[in-house]
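Protein chains in written order, with the working numbering: chain W, 550 to 682; chain R, -11 to 109.
Derived from the structure by calculation, the hints contain no laboratory data.
Heads up, the beta-carbon is just placed ideally off N, CA and C, and yes, glycines get one too.
Please note that the accuracy of each hint is not assured.
What the hints assert, rightly or not - In silico contact screen, one side only, chain W against chain R (beta carbon under 10 angstroms); selected entries:
1) K627
2) E628
3) G646
4) M658
5) R665
6) A667
7) P669
8) V671
9) Y672
10) D674
11) A675
12) F676
13) T677
14) V679
15) E680
What follows is each chain in one-letter form.
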Amino acid sequence: MNIEIATYLLYLSITIALTIWVAHTLHKNGRIFLVDVFHGNEPLADSVNHLLVVGFYLINLGYVSLALKLGYNLATPKEGIEALSVKVGTVLLVLGGMHFFNLFIFSRMRRRATMRNAPPPVYPDAFTPVEEV
Amino acid sequence: MSRLTLLYDPSCGLCRRVQGWLAEQPKLVELRMIPIKTKAARKRFPKLNHELTAEDLTAISDQGAVYFGPKAWLMVLWCLSRYREWSYRLAAPELLPTTRRVVSLVSQHRYQISHAAGLSR
Chain W
550 MNIEIATYLL
560 YLSITIALTI
570 WVAHTLHKNG
580 RIFLVDVFHG
590 NEPLADSVNH
600 LLVVGFYLIN
610 LGYVSLALKL
620 GYNLATPKEG
630 IEALSVKVGT
640 VLLVLGGMHF
650 FNLFIFSRMR
660 RRATMRNAPP
670 PVYPDAFTPV
680 EEV
Chain R
-11 MSRLTLLYDP
-1 SCGLCRRVQG
9 WLAEQPKLVE
19 LRMIPIKTKA
29 ARKRFPKLNH
39 ELTAEDLTAI
49 SDQGAVYFGP
59 KAWLMVLWCL
69 SRYREWSYRL
79 AAPELLPTTR
89 RVVSLVSQHR
99 YQISHAAGLS
109 R
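All chains, full assembly: derive it from the sequences and hints.
Following this line, the structure appears as structure tokens:
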């Protein structure tokens, strides 16, 4: 097995493991947010949670496979490790960005849901009887 | 609150334009518009001082809470799904004086603004 193949295999195993770990964290901790957003409707929260995680997997694994190609030859194991580090670092940044984007979506959904039942922003100036017509 | 009634001035072009815009907005609370000083307005709110409603926008909840001028505009924002957050921002103590000033200025000059913008009939 030459250095390139070893680097590719290491790259794939590290990034796929990282993606699974981040998706798992998102799935486990995002559920509580979603249950709150959907007013305790757990089946709906689980469904939305699952759909979000599927999207997360698709985008990340898609990026991982697109970014696999190195484009140059590796002469020494040192170069192999450097190339691996750059690739894994980029994938980590993309994962981080995706993760914060998901958090942003969760918090926005939650804020929207709490807004729905929020009281008026100001007190009335007066009261008047209303005749229903 | 399930509905907010707005008493608006139908002779002002700007108000008619705003009314058209409001009709298209997604709402959290239903908005109902009644032209000021009409039979319908007097019948629905028999004890209200209807002369005052000509000066600025008046909003009245179905429980009879009256919001006048800048407060009425904040209540309109509060009824709209997209702008509820803005109603809180503009009603915050730091911004409320500015909100009052701007809204009063626009209301007082609504005929001039309508004319300048080519909205008057």
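Hints versus structure:
1. K627: violated (54 angstroms)
2. E628: violated (52 angstroms)
3. G646: violated (25 angstroms)
4. M658: Not OK, violated: M658 of chain W not within 10 angstroms of chain R, min 14 angstroms.
5. R665: Since the shortest Cβ distance to chain R is 6 angstroms, the answer is holds.
6. A667: holds (7 angstroms)
7. P669: Because about 6 angstroms separates P669 of chain W from the closest Cβ in chain R, which is inside the 10 angstroms limit, the hint holds.
8. V671: holds (5 angstroms)
9. Y672: OK, holds: Y672 of chain W within 10 angstroms of chain R, min 8 angstroms.
10. D674: It holds, given that the least Cβ distance between D674 of chain W and chain R is near 5 angstroms, below 10 angstroms.
11. A675: holds (4 angstroms)
12. F676: It holds, given that the least Cβ distance between F676 of chain W and chain R is near 5 angstroms, below 10 angstroms.
13. T677: holds (5 angstroms)
14. V679: At 5 angstroms from the nearest chain R Cβ, V679 of chain W passes the 10 angstroms test, so the hint holds.
15. E680: Where the cut-off is 10 angstroms and the nearest Cβ of chain R is about 6 angstroms from E680 of chain W, the hint holds.
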